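J.: Working from the sequences, and respecting the hints, build out all of it.
In order, the protein sequences belong to chains A and B. Heads up, the first sequence is in the working numbering, so the first residue is 1 and it goes up one at a time. Heads up, the second sequence is in the working numbering, so the first residue is 1 and it goes up one at a time.
In case anyone wonders, no lab produced these hints; they're calculated from the structure. Wrong hints could be hidden among the right ones.
Listed next, the in silico DSSO-like pairs over lysine-lysine satisfying Cα-Cα at most 27 angstroms (straight line) [what the hints assert, rightly or not]:
1) A:Lys41 <-> A:Lys286
2) A:Lys96 <-> A:Lys55
3) B:Lys38 <-> A:Lys44
4) A:Lys186 <-> B:Lys41
5) A:Lys38 <-> B:Lys44
6) A:Lys44 <-> B:Lys94
7) B:Lys44 <-> A:Lys44
8) B:Lys41 <-> A:Lys94
9) A:Lys94 <-> B:Lys44
10) A:Lys226 <-> B:Lys186
11) A:Lys41 <-> B:Lys94
12) A:Lys229 <-> A:Lys206
13) B:Lys186 <-> A:Lys186
Please read all numbers here as calculations on a predicted model, not as lab measurements.
Chain residues, written in single-letter form:
Number of protein chains: 2
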Amino acid sequence: MIDKLIDKIKETENPTVVGLDPRLSYVPDFIKNECLEKYGKTPKAVAESFYMFNKEIIDKTFDLVPAVKPQVAMYEMLGPEGFDSYIRTIEYAKSKGLIVIGDVKRGDIASTAEAYSDGHIGRINIEGNEFEIYHEDFITLNPYLGWDSIEPYMENCRNYDKGMFVLVKTSNPNSGQLQDLDVGGKTLYQKVGELTSEWGKELVGKYGYSSVGAVVGATHREQAEKLRKLMPDTFFLVPGYGAQGGKAEDLAVCFDKDGLGAIVNSSRGIIAAHQKEQYKNKYSEKDFALAARDAVNDMKADLRRCI
Amino acid sequence: MIDKLIDKIKETENPTVVGLDPRLSYVPDFIKNECLEKYGKTPKAVAESFYMFNKEIIDKTFDLVPAVKPQVAMYEMLGPEGFDSYIRTIEYAKSKGLIVIGDVKRGDIASTAEAYSDGHIGRINIEGNEFEIYHEDFITLNPYLGWDSIEPYMENCRNYDKGMFVLVKTSNPNSGQLQDLDVGGKTLYQKVGELTSEWGKELVGKYGYSSVGAVVGATHREQAEKLRKLMPDTFFLVPGYGAQGGKAEDLAVCFDKDGLGAIVNSSRGIIAAHQKEQYKNKYSEKDFALAARDAVNDMKADLRRCI
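T.: Next comes the structure, spelled out in C-alpha cells:
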C-alpha cells in the first residue's frame, strides 16, 4: 500500500493529507439545518451532516491530494450512526481515488488486535460470507503493548495490501512525558522508532519505504530529524502542521532528498478554512469547500517552499 | 465511581469481572441460528447474537459479580451494528445493577480525547440536547501520549462520577518490550504507575482508592507486587486470569490486606465455560449460561482461597 500512496503523492506532487475531523461548529448552516430538520437534534443529524460536509470537502480537494485521514473519535462519539458516517466517508473518498488513513490509534493484546485488524483492514468471515467493514487503506496504531499487539495487523497488510502508521513521536504538548524518557542511551520514541523500522522490513516496497510507517509530530523538529536518520525505510505520517503549531520549515526534515518519505496532515486548517479570516469572505456559504481547496493549495505551496 | 465499584465488590464478596468479549464460536446454536435466519449471514446477525448471548450471561451472573467488561473490539469489528450491540449490552448490564468497564484502550491528543471522553463517559451536546452515547462507568486508556491525553477524561469523571483504568503493565507476552525498559532506575511501567497514581490523587474516594485505576496483568507476579507497593491508592484492573495463564496465587499480590484493591477479569474462562470439558455436559444448550455461573462461582472460590 505504501507504493500506492507514494504513486499518488507523485501524481499530485503534494504530500498533504486532509484530516477529516469534522465538528458541528465547522459545518455550514445550510448543511446543518437540513440535517437538523430531517433528523431533529440527534446524533444521526450530526453524523449525516458530517458525511455531507466531508463529501463537499472531498469533491473540492480529491484531485489535489493523495489521501484523507478521518479521525474516528469524531464519529465514534456519535455512536453507531457516527460509524455509519465514518464508513460512508471512507467509501466516498475511495470512490474518488483517494488513499484513506483511518486515525484509530488502536492497541491491544493479540486476540483483540485480530478483531480490530480484521474489522479495519482485513475481512470478517460470517459463516463463509466475507465482509470488509471499515476498509481503510492504512490505520494508526499505538505501540505500548509491544510486538504481539502489532503482529495481527501484518497478515492483513500482506494479504490485502494495507498499511499502518505506528505512533512513534506524537505532536501533542505532553508527548515527551513518556516518549522522551531515556531508555539507556536513547529515548523511548527512538526505541519505538527502531522497533517500527524492524517490524516494517518485510513490507518494504519498490520505493524503498515500508507499509509499516511511523507517526512523527511536526511540532518536534529535532526529534524528527533524528528519526529520519534512524529510520531511512520508514514513511512518516506527520500530524501537527498548522493549527497545532507545526511549520513547514520544521517538518522539512521528515523528507528525503527526493522530497518523499513523509505525508503531512492538516485537519482544521483545511476543513475549517471557510471560517478563517484569510478565506472567509471569498466564497458563499454553499461554496465553503472552495476555501478548503484554497487552503490545500496554500499548504502545498508552503510545503514545496521547504522540501 | 470507584466507591460504587468497591461497594459492589463488598456486596457480592467477589472481585471478579466478567469479560464480555463474545465470538461467534462461543454463541450456542440456538441463538446463532435464530439470528442467522432472521438477518442472514450478516454483521447484524452476529451483533444481535452477541447481544442475546451477553444478555443470557448477564442474567445468570449479575447477582454474583460487581462488574462486566465488554471488549469493544469484538463489537467494533462488526461496524455500526456491532456498536449498537455494545451499547445495548452496556444498558442491559446497568439495568441489572452491574458496573460497566468499557475496554476501549483509547489514547489520543487532547482535542480528540475530548471527543472520546464525551462519547464514552460524558455527554454530547447537540444544539442544546444532551446525549449519553456509550455510558460506560469506567473505560481503559492508553498512556503513551502523556498527561494531556488523559486530562480530558478527568472532567467527565468529576462531573458524572466516572472512572478510568490506565494501562500500566499489560498481560500479553510482549508487554515487556517497551513497558519493562529501564527509564533511569525504574521501568517504564513503574514510571507510568507513578504518573497514574499522581493523576488519580484528586479522585480518591472514601475507601482510599482513586477513580483513576491501573491495568496490571495477572501474568506478571513480581511486577504486580512492586506496583501494589508503589501505588497504594490505585485500584487495579487485572486481566490475564485463566485463559491467558494468570493464576490466583500470582495475582493475590494485587490485593491489600482487606482483600480489596483489585478486580480480576476473566472472559473466555467464564463466557465460553459451556464449551469447557469441566462444564459442558452439565447443562442443556439453552442453559449454557449456567456454565458461566458455575465458572464465576469456581473463580470466586479460587480467588478467595488466595486473597
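J.: Determine for every hint whether it applies to the structure shown.
T.: Each hint, compared with the structure:
1. A:Lys41 <-> A:Lys286: holds, 22 angstroms
2. A:Lys96 <-> A:Lys55: Distance of about 10 angstroms is within 27 angstroms: holds.
3. B:Lys38 <-> A:Lys44: With a Cα-Cα distance of about 25 angstroms, the restraint between lysine 38 of chain B and lysine 44 of chain A holds, given a limit of 27 angstroms.
4. A:Lys186 <-> B:Lys41: Not OK: lysine 186 of chain A and lysine 41 of chain B at ~51 angstroms, beyond 27 angstroms, violated.
5. A:Lys38 <-> B:Lys44: Answer holds: lysine 38 of chain A to lysine 44 of chain B is near 25 angstroms, not above 27 angstroms.
6. A:Lys44 <-> B:Lys94: Holds: lysine 44 of chain A and lysine 94 of chain B sit about 24 angstroms apart, inside 27 angstroms.
7. B:Lys44 <-> A:Lys44: Holds - the C-alpha atoms of lysine 44 of chain A and lysine 44 of chain B are around 19 angstroms apart, at most 27 angstroms.
8. B:Lys41 <-> A:Lys94: holds, 26 angstroms
9. A:Lys94 <-> B:Lys44: holds, 24 angstroms
10. A:Lys226 <-> B:Lys186: holds, 25 angstroms
11. A:Lys41 <-> B:Lys94: holds, 26 angstroms
12. A:Lys229 <-> A:Lys206: OK: lysine 229 of chain A and lysine 206 of chain A at ~20 angstroms, within 27 angstroms.
13. B:Lys186 <-> A:Lys186: holds, 15 angstroms
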